[in-house]
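Participant: The primary structure of each chain is shown beneath.
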Amino acid sequence: MEFLRPQTWAEALAAKAELPGAVPIQGGTDVMVEINFDVRRPPALLDLTRVAELARWSAEPDGRLRVGAGVPYARVISELADRLPGLAQAARTVGSPQIRNRGTVGGNLGAASPAGDSHPPLLACGAVIEVESAARGVRAVPAEEFYLGVKRNALEPDELIKAFVTPVAGGPQYFSKVGTRNAMVIAVCSFCVALHPAERRAGTGIGSAAPVPLRALAAEEFLAAELDWAGTAPLAPALLTRFGELVGAAAAPIDDVRGTAAYRRHALSVLARRTLTWAWNDHRKAAERCA
Amino acid sequence: MTVAIGEPVRRVEARDKVTGGARYTEDVRAADTAYAALVGSAISAGRVRSIDARQAERAPGVLTVITHTNRPDFAAQPPTPYTAEGRMPLADDRIHYAGQYIAVVVAETQEQADHAATLVQADYQRTSPVPTLDAALPAAYIPRQNGLVRFPSEYRRGHAETALAASPVRLEQEYRTATLSHAPMEPSSTLAYWEGDRLTIYDSSQAVHTHRALVATAFGLPEDRVRMISSFVGGGFGNKSFAWPHVFIAPMAARVVRRPVRVTISRKQVFTGTGHMAATVQAVRLGADREGRLRALIHDSTNQTSFIDDRQEGAAGTTPYMYAIPDVYARMRVAKVSTGTGGAMRTPGDSAGAFALESALDELAYKIGMDPVELRRRNHADTDPVSGRPWSGKRLLACYEQAAERFGWDRRKAEPGSMRDGDDLVGYGMAGGQRMEHQSRARATVHLSDEGTAVIRSSTVEIGGGGLTTLSQVAAEGLGLPVGAVTFEHGDTDLPASSPTFGSLTSGSAGSAVRLAAQDALRAAIELAVGDRRSPLHGADPDDVVAHESGLRLRDRPDRAESYRELLRRNRVNSLRGDGDFQPAGETAGYAMATFGAHFTEVRINRHLPRVRVVRHVAAFSIGRVLNARTARNQAQGGIIMRLGAALMESQRPDPVSGRFISPALTDYHVPVNADIGEVDVLFVGEPDTNANPLGARGLGEISAVGICASVANAVYHATGRRVRSLPITPDKLL
Amino acid sequence: MRLNFTVNGRATAVDDVWEGESLLYVLRERAGLPGAKNACEQGECGSCTVYLDGSPVCACLVAAGQAEGREVRTVEGLGGPGRLDPLQEAFVECGAVQCGFCTPGLLVQAHDLLERVTHPSDAEIREALAGNLCRCTGYEKILDAVRLAAERKAAAR
Chain A
1 MEFLRPQTWA
11 EALAAKAELP
21 GAVPIQGGTD
31 VMVEINFDVR
41 RPPALLDLTR
51 VAELARWSAE
61 PDGRLRVGAG
71 VPYARVISEL
81 ADRLPGLAQA
91 ARTVGSPQIR
101 NRGTVGGNLG
111 AASPAGDSHP
121 PLLACGAVIE
131 VESAARGVRA
141 VPAEEFYLGV
151 KRNALEPDEL
161 IKAFVTPVAG
171 GPQYFSKVGT
181 RNAMVIAVCS
191 FCVALHPAER
201 RAGTGIGSAA
211 PVPLRALAAE
221 EFLAAELDWA
231 GTAPLAPALL
241 TRFGELVGAA
251 AAPIDDVRGT
261 AAYRRHALSV
271 LARRTLTWAW
281 NDHRKAAERC
291 A
Chain B
1 MTVAIGEPVR
11 RVEARDKVTG
21 GARYTEDVRA
31 ADTAYAALVG
41 SAISAGRVRS
51 IDARQAERAP
61 GVLTVITHTN
71 RPDFAAQPPT
81 PYTAEGRMPL
91 ADDRIHYAGQ
101 YIAVVVAETQ
111 EQADHAATLV
121 QADYQRTSPV
131 PTLDAALPAA
141 YIPRQNGLVR
151 FPSEYRRGHA
161 ETALAASPVR
171 LEQEYRTATL
181 SHAPMEPSST
191 LAYWEGDRLT
201 IYDSSQAVHT
211 HRALVATAFG
221 LPEDRVRMIS
231 SFVGGGFGNK
241 SFAWPHVFIA
251 PMAARVVRRP
261 VRVTISRKQV
271 FTGTGHMAAT
281 VQAVRLGADR
291 EGRLRALIHD
301 STNQTSFIDD
311 RQEGAAGTTP
321 YMYAIPDVYA
331 RMRVAKVSTG
341 TGGAMRTPGD
351 SAGAFALESA
361 LDELAYKIGM
371 DPVELRRRNH
381 ADTDPVSGRP
391 WSGKRLLACY
401 EQAAERFGWD
411 RRKAEPGSMR
421 DGDDLVGYGM
431 AGGQRMEHQS
441 RARATVHLSD
451 EGTAVIRSST
461 VEIGGGGLTT
471 LSQVAAEGLG
481 LPVGAVTFEH
491 GDTDLPASSP
501 TFGSLTSGSA
511 GSAVRLAAQD
521 ALRAAIELAV
531 GDRRSPLHGA
541 DPDDVVAHES
551 GLRLRDRPDR
561 AESYRELLRR
571 NRVNSLRGDG
581 DFQPAGETAG
591 YAMATFGAHF
601 TEVRINRHLP
611 RVRVVRHVAA
621 FSIGRVLNAR
631 TARNQAQGGI
641 IMRLGAALME
651 SQRPDPVSGR
661 FISPALTDYH
671 VPVNADIGEV
681 DVLFVGEPDT
691 NANPLGARGL
701 GEISAVGICA
711 SVANAVYHAT
721 GRRVRSLPIT
731 PDKLL
Chain C
1 MRLNFTVNGR
11 ATAVDDVWEG
21 ESLLYVLRER
31 AGLPGAKNAC
41 EQGECGSCTV
51 YLDGSPVCAC
61 LVAAGQAEGR
71 EVRTVEGLGG
81 PGRLDPLQEA
91 FVECGAVQCG
101 FCTPGLLVQA
111 HDLLERVTHP
121 SDAEIREALA
131 GNLCRCTGYE
141 KILDAVRLAA
151 ERKAAAR
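Heads up: the protein sequence lines correspond to chains A, B and C, in order.
Heads up, the first sequence is in the numbering used here, so the first residue is 1 and it goes up one at a time.
Heads up, the second sequence is in the numbering used here, so the first residue is 1 and it goes up one at a time.
Heads up, the third sequence is in the numbering used here, so the first residue is 1 and it goes up one at a time.
Chain A on its own, in the form it takes in the complex (with noise of 0.2 angstroms):
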């Protein structure tokens, strides 16, 4: 095995063009936990965590965020809450904190589970994922394109995720999710939904629901029809009822250790209405003040 050091991201590109079967470590909490059990031994180790690139956040000229896939989730709690509430309040649900410390949401999207905590935040925010290869320079991908299946993502083999970019939050975000314990578990499923007022509709996300994770869209169309972005009243419990309903009907979730497809849709629905509550209430209280 090969112990790859790049310090630049043009010398990872080099490296990973070179090298397909590289695979690039980060935080490790994935690819170490496959090497310590022997699970795979892939010809190199493609150490991306002295790429100075990678561990950076920016604002772009449009206003959106770009960061960087080696920004560990200790530093989106403390740097970017926010900016990005709902992928502060998945990071701050990760493992425990010496996972946080060291896991990146890069690390997440690499390894691709349908249980990774930050991918519905990125669904419900919109994000785009930006891989790029030596060869064929950056592509953007957006989030809801870029998983493909249990564990497999549009990552091509020589290619790398180099960051995302992401609106900063116009309104209130939230994130829930449901686990066996109170800290230190991987989601039986979780939910994230995300209000853009200024564009009069809101974002959803589950996680660790169906093979993929996914955006409940008939739940987002019907929000976008019948929220009253205008108003400040709270939510009538009859539309709460039909977007917990139509966010439960999104998913496809199985029987395994961690839940029953059952429990699971029953959960969603309820995260969702939760969540939805709570966006909507900061949404008023906002409007209030603006008014």
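Just so you know, the hints here were simulated from the structure itself, not pulled from any lab data.
Which residues of chain A face chain C? A few of them, derived with a C-beta cut under 7 angstroms, are: (1) F3; (2) I25; (3) G28; (4) M32; (5) D47; (6) T49; (7) I99; (8) M184.
What the simulated footprint calls covered on chain A by chain C, stretch by stretch (three residues with Cβ under 8 angstroms from a Cβ of chain C suffice, anywhere in the stretch; the number is not a length): (9) 37-45; (10) 83-97.
Note that this is a predicted model, so its numbers are computed, not measured.
Where is the CB? At the ideal position from N, CA and C, for every residue including glycine.
Fit chains B and C to the supplied structure of chain A, relying on the hints for placement.
Facilitator: Chains B and C alone, transformed into the frame defined by chain A:
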């Protein structure tokens, strides 16, 4: 100055444990060590047709690959139960469960061994597995008595069926407990090396003398040629009470490669290769009158066992002893599943059994509209219903009373679902628990030195319960020394044979041995003093001399005293030795012995998204004398929290087709984390129980984990009106 | 490969490191520091927690090569020569140690909490220690110890 037994003194080994200096078996190093990796079977039933180890043998660093076709013979099959499986590793080509070891790869480094293990190719001939207890149930049977069947499989008093039929109130229900894993933090490790025909084994063992005898038998050696050392054990809970296959593999491999060999099992192999608490299905039938007096009880338990062994999970073993019921029938059957042999896990039999019986009592209480505590009081067994003997120090009624008061049981509204707090349903539940007390022969010596210090020598193992500390306190009190003046040599078969560190034996048995040894050393010191003309105690009646402040004095004359240091130095005695040999009184004692507990639990359950949160748990225990208030409280909280895990999240689920464990990993075998635990309060109601043994102490490790699951399930019923009879109580069961 | 790093303040070089090896293995088997424990190899238990450039991490998930040129601090390096850190003292005093296998990882993780937060609330302590499993489950005493150490560290400031 002298610290009395019962004081919350600091752990004697704590400093080593907080600096990283404490050596566990995997931290022991031997020159020229080779490393073994164990290859597990991919199928759960069938035979190994052939194994192709050529690729593995050619891999870098590999020294040998051992399979059933080329292994050296074992001299004999050592006996169960402490040999965990009644089949030696690599015995033949038959596969009884997934993960069963089929090959051992030995290499220069662990990484090389682990990698080569993935290159071993096995060709299997599959047969149909029996994947689950449900699939096996129709073929359940009463096992023959053997090492793994500890209780009689049937118990009868009176005519339970007849009495049940005649009872005005009847209840019949079925309860299920899941397969559970001990999941200690330390994976088992064994380091073995031969010097001629002498074998040294470092092993994460809870019982070095017990296990040495097994290893000696397996290799055809006299016991004194084998030395077993277990320095510190990183959690046992029964998991390391048994010699599992890897314990025999390490010396076998060391003999083959003629070098020290280390086997450290993987986390996955902790789950598949060192036992579990077997799943049970238990039918309980209760008959009572309308005043809540129990008339008949039938407790019929079936547990899964392996195709290798008939191992009883004694879920109905304590049932006959628990309540004053005239007509009782208990039966324990086994059913063969394609899984490994189970083991004793805190608390064998009783944890599972109490879930069924104490849930059923709760159901009965609701049925007749009686407070569940009152129901238990009315059926309290004032004497042992089995033997008729008086109990030795039973204070179960005080447990109910004190724990109920501390908990605030009187605030409970009887109606299920009637207590709410916002969106939370609130539930109060309670249950009792009982564990029969066991004793074992235990030996120790105490050497009293001319420095005024003492050394305890005894093979007891520190597994976390605090035995080194409590036994040091026992010796210190016996000799009138500060605890800091006592050191401990432990965990080594070169030392006097203590009781094993399982079965809650340490306080009662090992503790009594240390007490006897300390008394013996004291007697020797007194003899020396009263016979020494230069001693202020010269000529005194030995019965009037007592230990006091690192020396001796006359009981009624504080001025006639001298220190051990003066006494021994003047007489040019380096040290005085005291021997302790505790022999259990057994049946002759005239008392029935058990430990008792009462549990009270408050749960909160969100009514939209149900998940049980235990916010408060209060327990009271009757265990005789408490040797160290701090280690006892800590150990009891541990037992309770471990069972809260069993109540709410722990389950080793079998694949419905093959029977292999679906997720033998900590990622999915969830145990409680810090953030899950609310307030857990512990009370001890006992006083010294000198009928039990010279020290007056009974065990705690096991009773602390009996009754909790029922208490939680009963609280869940109270909160929701929904009775969950199958553990764990996961959210999907509350939808 | 050769690995150069600083451990507990000492420049350290180890040879023959396999490229897939974990930092945990290097510490335990090559650097003579068995304090960090190997218990799950997948970041689930926290027993191997060490500081890496000042942040607590699971050493089993750090590839050895990632530690090149970095600073590592283990439980062996928390106190001074012959002196315990106040947190270690508090663990001893409060009885926060049972079997002790999870203790080294807990200490490093709790030490980091007290470096960052002077007076952590119970919720903060529980949250900080959420990734450190203790199967003896002495969680109450562990909380007591962290609170006591926080008080003492604050008083000494």
